[in-house]
Amino acid sequence: MADTMSLNDVNSMYFDVLKEIGNIGAGNATTALAQMLGTKVDMSVPQVSLLEFKDVGEIVGGEELIMVGILLGVEGDITGSIMFMIEKEGARHLTNKLMMGMGASQPGEDFNEMELSALREVGNIITGAYLNALSGLTNLCIYPSTPDLTVDMAGAILSVPAIQFGIQGDQILLIKNNFFDEVELDGFFILLPDVESYGTILKALGISSL
Amino acid sequence: MAEIVKVGMADLNLCQAPDGITTLGLGSCVGVALREPGKPWGGLAHVMLPDSTAINSNGPVNIPKFADTGVDELIKRMVGKGCNKAKLVAKIAGGAQMFAHTTNDKMMRVGDRNVEAVKKKLAQHHIPILAEDTGLNYGRTVIFYPETGDFVIRSVGKPDKTI
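Just so you know, the sequences run in chain order P and H.
Numbering follows our numbering, in which position 23 of the first sequence is assigned residue number 23; successive positions increment by one, without gaps.
Numbering follows our numbering, in which position 51 of the second sequence is assigned residue number 51; successive positions increment by one, without gaps.
Since the hints were derived computationally from the structure, they do not count as laboratory data.
Some hints could be false.
Below, computed lysine-lysine pairings styled on DSSO-like, alpha-carbon distance capped at 30 Å [claimed, not checked]:
{"hint": "1", "chain 1": "P", "residue 1": "40", "chain 2": "P", "residue 2": "176"}
{"hint": "2", "chain 1": "P", "residue 1": "54", "chain 2": "H", "residue 2": "6"}
{"hint": "3", "chain 1": "H", "residue 1": "120", "chain 2": "H", "residue 2": "76"}
{"hint": "4", "chain 1": "H", "residue 1": "119", "chain 2": "P", "residue 2": "54"}
{"hint": "5", "chain 1": "P", "residue 1": "88", "chain 2": "H", "residue 2": "6"}
{"hint": "6", "chain 1": "P", "residue 1": "88", "chain 2": "P", "residue 2": "176"}
{"hint": "7", "chain 1": "H", "residue 1": "158", "chain 2": "H", "residue 2": "6"}
{"hint": "8", "chain 1": "H", "residue 1": "119", "chain 2": "H", "residue 2": "39"}
{"hint": "9", "chain 1": "H", "residue 1": "85", "chain 2": "H", "residue 2": "119"}
{"hint": "10", "chain 1": "H", "residue 1": "158", "chain 2": "H", "residue 2": "85"}
{"hint": "11", "chain 1": "H", "residue 1": "161", "chain 2": "P", "residue 2": "54"}
{"hint": "12", "chain 1": "P", "residue 1": "54", "chain 2": "H", "residue 2": "158"}
{"hint": "13", "chain 1": "H", "residue 1": "85", "chain 2": "P", "residue 2": "54"}
{"hint": "14", "chain 1": "P", "residue 1": "54", "chain 2": "H", "residue 2": "120"}
{"hint": "15", "chain 1": "H", "residue 1": "6", "chain 2": "H", "residue 2": "161"}
{"hint": "16", "chain 1": "H", "residue 1": "76", "chain 2": "P", "residue 2": "97"}
{"hint": "17", "chain 1": "P", "residue 1": "54", "chain 2": "P", "residue 2": "88"}
{"hint": "18", "chain 1": "H", "residue 1": "158", "chain 2": "P", "residue 2": "88"}
{"hint": "19", "chain 1": "H", "residue 1": "119", "chain 2": "H", "residue 2": "6"}
{"hint": "20", "chain 1": "P", "residue 1": "176", "chain 2": "P", "residue 2": "19"}
{"hint": "21", "chain 1": "H", "residue 1": "120", "chain 2": "P", "residue 2": "176"}
{"hint": "22", "chain 1": "H", "residue 1": "81", "chain 2": "P", "residue 2": "88"}
{"hint": "23", "chain 1": "P", "residue 1": "97", "chain 2": "P", "residue 2": "176"}
{"hint": "24", "chain 1": "H", "residue 1": "6", "chain 2": "P", "residue 2": "176"}
{"hint": "25", "chain 1": "H", "residue 1": "120", "chain 2": "H", "residue 2": "39"}
{"hint": "26", "chain 1": "P", "residue 1": "19", "chain 2": "P", "residue 2": "203"}
{"hint": "27", "chain 1": "H", "residue 1": "158", "chain 2": "P", "residue 2": "97"}
Using the sequences provided together with the hints, build the complete structure.
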């Protein structure tokens with residue numbers, strides 16, 4: 001099938017594309033976060049990395065680091081998922097801001113229902129920002145569906161995108177975004193198009209498949 | 001002083017008693033530990049996908065990535081160290097479903113499918129599974145000690161358990 005490409009073929013072309021998406025997406029996400037939190041939020045230049053499975057745990061801060069992982073299905077002209085990850089106590093900083101200190105759980109504790117709800121909202125907004133970037137760049141109709149959230153070890157959360165990438169290759173493509181509010185937060189974003197959708201994305205960007 | 005050998009994602013290794021061997025953050029992946037009781041060698045594989053034959057890849061197969069090739073290779077290495085295959089025993093962990101909704105059908109139940117593939121391969125080699133901590137929806141870190149056969153499971157928000 002013309003649209004089916006191996007990740008290795010795709011990588012070199014896709015990498016620069018992802019940098020672009022990373023830049024625009026991060027810009028959108030920062031603006032959205034600032035609006036949500038009612039404060040100024042800065043960001044540094046997003047880093048896009050193509051990583052061996054064994055290295056990705058270290059990049060996010062360690063395989064056993066407890067993180068919030070948000071996974072959204074993607075539908076429309078492309079299908080697949082997108083994932084956003086942020087370290088748990090960094091996420092707590094966001095929820096505290098959103099809830100303005102009311103009904104917050106203590107550092108180190110599990111999030112309560114209200115906080116989980118706020119986190120899903122944050123996740124929706126941030127991933128929506130990246131999807132808008134992708135949509136804008138490609139003129140494809142792309143929208144999120146079925147969000148899901150988990151709080152667990154980074155390695156366990158990362159197994160989900162890693163396995164998806166693992167179907168086609170041995171590396172994972174990751175965008176790291178640094179947000180500065182009063183504290184520095186690292187957000188990690190992984191775009192997981194289904195195999196068929198890689199070709200669609202590249203074609204839409206005018207990069208011909210082989 | 002006993003050391004802990006670390007195994008990464010899509011990786012496998014052996015250790016020698018009194019050392020232990022660990023892999024961190026098993027989500028939908030499965031950790032497979034092998035030993036021959038009485039021998040000092042222990043092996044651990046961290047596999048990600050069930051079946052190497054299901055995928056058309058251009059290059060050589062990444063052996064530890066798949067349950068079928070990974071378990072075969074782990075057994076081969078243990079036998080290479082002088083273990084008797086007929087006496088090998090296994091313990092397994094992982095294969096969780098980390099997120100409730102999975103839209104991509106290749107990813108559907110991949111945790112369960114990994115567990116099934118590991119069990120099938122171990123059964124082919126007539127290696128009994130003495131204990132397992134698999135499925136459900138949370139991540140696991142495992143540490144295996146071949147000297148005792150202890151398989152320690154660590155998960156967020158739960159006390160450590162040894163199976």
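Hints and how they fare:
1. Only pairs whose Cα atoms come within 30 Å are accepted, and residue 40 of chain P paired with residue 176 of chain P is accepted, the gap being roughly 20 Å.
2. Distance restraint check for residue 54 of chain P and residue 6 of chain H: the Cα-Cα separation of roughly 11 Å lies within the 30 Å cut-off, and the hinted pair is therefore satisfied.
3. Between residue 120 of chain H and residue 76 of chain H the alpha-carbon distance is near 17 Å, which keeps this suggested pair within the 30 Å criterion.
4. Straight-line distance between C-alpha atoms of residue 119 of chain H and residue 54 of chain P comes to about 25 Å, which keeps the hinted pair within the 30 Å bound.
5. As the CA atoms of residue 88 of chain P and residue 6 of chain H are separated by approximately 24 Å, the hinted pair is consistent with the 30 Å bound.
6. A threshold of 30 Å between alpha carbons decides the hint, and for residue 88 of chain P with residue 176 of chain P the separation of about 16 Å falls inside it, so the pair holds.
7. For the proposed pair residue 158 of chain H and residue 6 of chain H, the alpha carbon gap of about 22 Å is at most 30 Å, so the pair holds.
8. Under the criterion of a C-alpha separation no larger than 30 Å, the hint pairing residue 119 of chain H with residue 39 of chain H is consistent with the structure, at around 23 Å.
9. Of the pairs offered as hints, the one joining residue 85 of chain H and residue 119 of chain H holds, with about 16 Å between alpha carbons and a cut-off of 30 Å not exceeded.
10. Restraint check: the Cα-Cα separation between residue 158 of chain H and residue 85 of chain H comes to about 35 Å, which exceeds 30 Å; the hinted pair is violated.
11. For the proposed pair residue 161 of chain H and residue 54 of chain P, the alpha carbon gap of about 26 Å is at most 30 Å, so the pair holds.
12. Our distance criterion of 30 Å between C-alpha atoms is met by residue 54 of chain P and residue 158 of chain H, whose separation comes to about 26 Å.
13. About 29 Å separates the Cα atoms of residue 85 of chain H and residue 54 of chain P, which keeps this hinted pair within 30 Å; it holds.
14. For a cut-off of 30 Å, the pair hint linking residue 54 of chain P to residue 120 of chain H stands: about 26 Å separates their Cα positions.
15. In summary, the hint linking residue 6 of chain H to residue 161 of chain H is supported, as the alpha carbons are separated by about 19 Å, within the 30 Å threshold.
16. In summary, the hint linking residue 76 of chain H to residue 97 of chain P is not supported, as the alpha carbons are separated by about 55 Å, beyond the 30 Å threshold.
17. Our distance criterion of 30 Å between C-alpha atoms is met by residue 54 of chain P and residue 88 of chain P, whose separation comes to about 22 Å.
18. As the CA atoms of residue 158 of chain H and residue 88 of chain P are separated by approximately 17 Å, the hinted pair is consistent with the 30 Å bound.
19. Under the criterion of a C-alpha separation no larger than 30 Å, the hint pairing residue 119 of chain H with residue 6 of chain H is consistent with the structure, at around 23 Å.
20. Using a Cα cut-off of 30 Å, the hinted pair residue 176 of chain P and residue 19 of chain P holds, with the two alpha carbons roughly 10 Å apart.
21. Distance hint between residue 120 of chain H and residue 176 of chain P is unfulfilled; the C-alpha atoms sit about 39 Å from each other, more than 30 Å.
22. Using a Cα cut-off of 30 Å, the hinted pair residue 81 of chain H and residue 88 of chain P is violated, with the two alpha carbons roughly 43 Å apart.
23. Simply put, residue 97 of chain P and residue 176 of chain P have alpha-carbon atoms about 22 Å apart, close enough for the 30 Å limit, and the pair holds.
24. With a CA separation close to 25 Å, the supplied pair residue 6 of chain H and residue 176 of chain P stays within the 30 Å bound.
25. Restraint check for residue 120 of chain H and residue 39 of chain H: the C-alpha separation of about 25 Å stays at or below 30 Å, so the hint holds.
26. This hinted pair checks out: residue 19 of chain P and residue 203 of chain P have alpha carbons roughly 17 Å apart, not beyond 30 Å.
27. Taking the CA atoms of residue 158 of chain H and residue 97 of chain P, the gap is about 29 Å. The hint holds against a cut of 30 Å.
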